[in-house]
Amino acid sequence: MSVTSPATSAPVASSRFQGRGALLGAGLVILALLPLLTGASPYMLGLLISALILSGLALSWALLGNLGGMVSFGHAAFFGVGSYASALLAAKLGVPVLLAIPLGGVVATLSSIAMLPALRLSGPYFALAILAYAQIFRILATELDWLTGGAAGLQRYPGLPTLFGIDLADRAGSYVVVLACVVLFAVVYVLLRKSHVGTALRAIAESEDATRVVGVNATLLKSWMLFLSAFIAGVFGALNAHIIGFLEPDYAFSGVWSVMPIIAAVFGGYRSVLGPIFGAVVIYLFDQVIAKSLIPVGHQILLGIVLAIMVLLAPNGLAGLVRRFFTKGQFNKTSEKSHAGA
Amino acid sequence: MVRKMIASATLAIALTAGATGAKAQDAGKPEAQTFTIGAHMPLTGTLARSGQAFNEGMQVAVKMCNAISPKYQVKIDLIDDESTPAKAVSAVEKLAADGSVAIIGGYGSNIIGPASDASDKLGKVYITAGAVSDELTKRGLKTFFRINNNAGYERGIATLIGDLKPQKVSIIASTKEAPALLAEGLEKDLEAKGIKVTVHKFDPAITDFKPIINKIKLQDKPDIIMMSAYENDYVGIIRAAKVLKPNVKLMVGTWSLATPKMYTEFPDLMNNVVGTSFLPFPVEVKSEEGKKFAEVYKQTYNKDIEYLSTLSFVETMVLCEAIFRAAEDGSLEKGGLAEQMRKTDRDSLLGRIQFDATGDNPNFSLSMGQHRDGKIVLVSPKSAANGEVVYPGLPW
Numbered sequence: 021m022s023v024t025s026p027a028t029s030a031p032v033a034s035s036r037f038q039g040r041g042a043l044l045g046a047g048l049v050i051l052a053l054l055p056l057l058t059g060a061s062p063y064m065l066g067l068l069i070s071a072l073i074l075s076g077l078a079l080s081w082a083l084l085g086n087l088g089g090m091v092s093f094g095h096a097a098f099f100g101v102g103s104y105a106s107a108l109l110a111a112k113l114g115v116p117v118l119l120a121i122p123l124g125g126v127v128a129t130l131s132s133i134a135m136l137p138a139l140r141l142s143g144p145y146f147a148l149a150i151l152a153y154a155q156i157f158r159i160l161a162t163e164l165d166w167l168t169g170g171a172a173g174l175q176r177y178p179g180l181p182t183l184f185g186i187d188l189a190d191r192a193g194s195y196v197v198v199l200a201c202v203v204l205f206a207v208v209y210v211l212l213r214k215s216h217v218g219t220a221l222r223a224i225a226e227s228e229d230a231t232r233v234v235g236v237n238a239t240l241l242k243s244w245m246l247f248l249s250a251f252i253a254g255v256f257g258a259l260n261a262h263i264i265g266f267l268e269p270d271y272a273f274s275g276v277w278s279v280m281p282i283i284a285a286v287f288g289g290y291r292s293v294l295g296p297i298f299g300a301v302v303i304y305l306f307d308q309v310i311a312k313s314l315i316p317v318g319h320q321i322l323l324g325i326v327l328a329i330m331v332l333l334a335p336n337g338l339a340g341l342v343r344r345f346f347t348k349g350q351f352n353k354t355s356e357k358s359h360a361g362a
Numbered sequence: 008m009v010r011k012m013i014a015s016a017t018l019a020i021a022l023t024a025g026a027t028g029a030k031a032q033d034a035g036k037p038e039a040q041t042f043t044i045g046a047h048m049p050l051t052g053t054l055a056r057s058g059q060a061f062n063e064g065m066q067v068a069v070k071m072c073n074a075i076s077p078k079y080q081v082k083i084d085l086i087d088d089e090s091t092p093a094k095a096v097s098a099v100e101k102l103a104a105d106g107s108v109a110i111i112g113g114y115g116s117n118i119i120g121p122a123s124d125a126s127d128k129l130g131k132v133y134i135t136a137g138a139v140s141d142e143l144t145k146r147g148l149k150t151f152f153r154i155n156n157n158a159g160y161e162r163g164i165a166t167l168i169g170d171l172k173p174q175k176v177s178i179i180a181s182t183k184e185a186p187a188l189l190a191e192g193l194e195k196d197l198e199a200k201g202i203k204v205t206v207h208k209f210d211p212a213i214t215d216f217k218p219i220i221n222k223i224k225l226q227d228k229p230d231i232i233m234m235s236a237y238e239n240d241y242v243g244i245i246r247a248a249k250v251l252k253p254n255v256k257l258m259v260g261t262w263s264l265a266t267p268k269m270y271t272e273f274p275d276l277m278n279n280v281v282g283t284s285f286l287p288f289p290v291e292v293k294s295e296e297g298k299k300f301a302e303v304y305k306q307t308y309n310k311d312i313e314y315l316s317t318l319s320f321v322e323t324m325v326l327c328e329a330i331f332r333a334a335e336d337g338s339l340e341k342g343g344l345a346e347q348m349r350k351t352d353r354d355s356l357l358g359r360i361q362f363d364a365t366g367d368n369p370n371f372s373l374s375m376g377q378h379r380d381g382k383i384v385l386v387s388p389k390s391a392a393n394g395e396v397v398y399p400g401l402p403w
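Chains A and G, in that order, are what the protein sequence lines are. This note's numbering puts the first sequence at residues 21 to 362. This note's numbering puts the second sequence at residues 8 to 403.
Simulated from the structure, these hints should not be mistaken for laboratory data.
The list that follows gives simulated cross-link-like pairs (lysine to aspartate or glutamate, EDC-like), each with its CA atoms no further than 20 Å apart: (1) K149/G - D190/A; (2) K208/G - D270/A; (3) K195/G - D165/A; (4) K208/G - E163/A; (5) K128/G - D187/A; (6) K208/G - D165/A.
These stretches of chain G come out as covered by chain A in the derived footprint (C-beta under 8 Å, 3 or more residues): (7) 89-97; (8) 111-123; (9) 139-153.
Residues of chain G clear of chain A, computed beta-carbon distances all greater than 12 Å: (10) M71; (11) K224; (12) E238; (13) A247; (14) E291; (15) P388; (16) G400.
Note that this is a predicted model, so its numbers are computed, not measured. Just so you know, even glycine gets a beta-carbon here, dropped at the ideal spot from N, CA and C.
Construct all of the structure, not just a fragment, from the sequences and the given hints.
Right, dumping it as C-alpha cells:
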C-alpha cells in the first residue's frame with residue numbers, strides 16, 4: 021500500500037487539473053472551428069458571430085459580477101462607447117480598424133472612470149447607478165451630432181480589413197476574429213481567477229468587509245475589474261460596429277446589450293468562465309434557429325419558457341448542470357471502486 | 008336496380024373521362040415559373056404594426072401581379088427581423104440561401120443599412136420603402152433601390168408652409184433618425200424662404216409635451232407648429248397644445264398623421280390638423296391600378312388602403328415587373344435584375360417612379376392632407392389638391 025502525502029498530492033492534482041483544462045480548452049476551440057471546416061453557410065456563420073459577440077459581452081458582465089461582486093444593468097454603456105470610439109477613430113482619423121478595435125476598448129475603459137463614484141454603492145444601488153450612466157451616454161451620443169452624426173448615426177466607416185490575403189469582412193473571417201477575441205478574454209479571465217488577485221476578488225464578492233479587515237484594498241481591485249470589464253465590453257462593441265457597418269445611439273446603447281448578457285450569463289452559469297460563453301451561444305442559436313422555425317412570429321415566448329425552466333431546475337445554469345453530471349459520474353466510479361475493493 | 012347501376016357506372020366513367028381530359032388539358036398548358044421574393048419586416052415589437060401594414064401591401068401586390076401574369080408567378084418568403092440589424096442581416100442571408108431572387112427591406116435606416124449591405128455582397132437586388140436616410144444612397148451600392156426619401160417629405164411640407172407664408176414656424180422634432188433628418192432639412196428650406204424657424208428637439212421617451220408647448224407659446228410665438236415625429240408623439244403634442252392653447256394658426260405633422268385611423272381614435276384632437284398624404288379620404292383613386300388595389304385590399308383585409316401598405320404595394324409591383332422583364336430576357340439568373348430595376352419608369356399611387364444612379368426615386372413627393380370632420384382633404388400642392396386649406400384652422 022502506498023500513501024501519498026497531501027503536500028505532494030496537491031501539485032499533482034493541480035497539474036492534472038491544468039492538463040485537463042488545457043485539453044478541454046483545445047477541444048472547445050476545435051469545436052468552435054468546426055463550422056468553418058464543415059463549410060457552414062454565411063447565414064449560420066452570421067448567427068454564430070452574433071452569438072459570440074453576445075458571449076464576449078456576457079463574459080465581461082460575469083467577470084464584474086463574479087470577481088468584483090458588482091451586478092451591472094448598464095453594460096450597454098461600455099458596448100456603445102467602444103463601438104462609437106472605434107468607428108470614429110477609423111472613419112475620422114484613419115486609424116487602422118484592427119488598432120481602432122482595442123482603442124475602442126480603451127475609450128470604454130476611460131469612460132468607466134466616470135462610474136468610479138458608483139463603486140461606493142453595492143447591490144441594486146450600483147446596478148441602478150450604472151443603468152443611469154448608460155442612459156447618459158446614449159443621450160450624449162444623440163446630442164453630440166457634430167461628432168457622432170446624432171440620431172442619424174454613422175454609416176460610412178471602414179469594416180474589418182483584409183489581412184495576409186484573408187478578407188476579415190467576409191463571414192468566415194469575421195467569425196475567426198470574434199472567436200479569437202472570445203478565447204483570448206476567456207484565457208485572461210481564467211488566469212486572473214487563478215491568481216492571488218482573483219482569490220482576493222472572489223473573497224470581496226463574498227464579503228467585502230471581511231477582506232478589508234485582512235488588508236485587501238477592495239476599492240482598488242473593484243476599480244480594476246470595472247476597467248477590465250469595460251475594456252472587454254468595448255472591444256466587442258467595436259467588433260460589432262465594424263461587422264454590422266451601422267451605428268446609431270438607440271442601437272449602440274440599446275437596453276438589449278445590458279439585458280441579454282445577464283440572461284446569457286445566468287443561463288450558462290455566471291460563476292464559471294465557460295458558462296456565460298456557452299449560455300450566450302445556446303440561447304441565441306436556440307432562439308434564432310429552433311424557436312424561430314417553430315414559431316416564426318413571437319418565438320421569444322419559447323426562449324422565455326426555456327429560461328424559466330432553467331432558472332427553476334438549474335439555478336447554477338448550464339455549467340452547474342454539467343458539473344453535477346460529471347460529479348455524479350465520478351461519485352459512481354468511486355463507489356464502484358470501493359465496492360470492488362471491498 | 009340494374010338501371011341504377013348502369014347510371015352510376017356511366018356517371019363514374021364520365022367523371023373519370025372528365026378528370027383525365029382536364030389533366031391532359033393542364034399538361035398541355037405550360038407551367039408558370041415561380042420566383043421567390045424574400046422580405047424582412049418587423050413583425051414583433053414596437054414596430055410590429057408598421058411591419059404588418061407593409062406585409063399587407065406586399066401580399067396584395069403579389070396577388071395582382073400573379074393574376075395578370077400566366078407565364079411567371081411570384082411568392083413572398085417573409086422573416087421577422089425583430090427590428091434588429093444583426094437579425095435583419097441574418098434574414099437576408101437566409102433568404103438568399105433559400106433562393107430568393109430579390110429582397111424587400113423592412114423599416115428604419117438602422118435596419119436597412121446593414122441589411123442592404125449584406126444583400127449587395129450576395130448580389131441580390133434590395134428595395135425598400137421604409138428608410139429615408141440620405142446616407143443610404145451615398146454608399147454607391149449597385150443593387151439598392153428605394154421609392155421614397157427624406158427629400159420627398161421635405162418638399163411636400165415645405166411647399167404647403169411656403170404657400171401659407173407664415174412669419175415664424177416652430178418645429179418640434181423627435182431625436183429619432185428620420186424625424187431629426189426631416190427637421191434639419193425643413194429648417195434649411197424654410198429659412199431659405201425667409202421664414203424664422205425654431206427647432207425644439209425631444210427625446211422619444213418624453214410623453215409630456217407641455218413644457219415645450221409652453222416655451223413655444225411664450226417665447227417663439229409662431230404662426231405654425233410643425234411636428235416631425237411619430238403617432239404617439241403627435242397625440243401628446245396636440246393634447247398639450249389643446250390645454251395651453253398657444254396663439255398659432257395651424258398644426259402640421261408628417262407621416263402617419265393624416266390617416267382615417269388617427270381621426271377614428273382621436274377625433275377631438277385631429278380636426279384641421281395637416282399631415283403628409285397621397286390620397287384623400289374617403290378614398291378617391293383615379294388610376295385603374297389604384298382602384299384594383301383598393302378593391303383587392305378591401306376584399307382581403309376588409310378595410311380601406313392605408314399609407315404604409317400603399318408604399319409597400321408600389322415597391323412590390325415595381326419589383327415584380329422588373330423580375331418578369333428580367334426573366335423574359337433571360338438575365339434574371341445572370342444579375343440582370345438591377346439593370347431592369349433601373350429601367351423602371353411608371354406611374355403609381357405615389358406618382359412617377361424612376362431610379363437614379365444611386366437607386367433613389369428623384370420624383371418622390373407627397374401631398375398634404377387636412378383632417379376635416381372625419382374626411383381628409385388634399386390641400387397641397389395645388390396640382391393634387393381637392394380642396395382649400397382651412398387656415399387658420401385648429402383642433403381646439
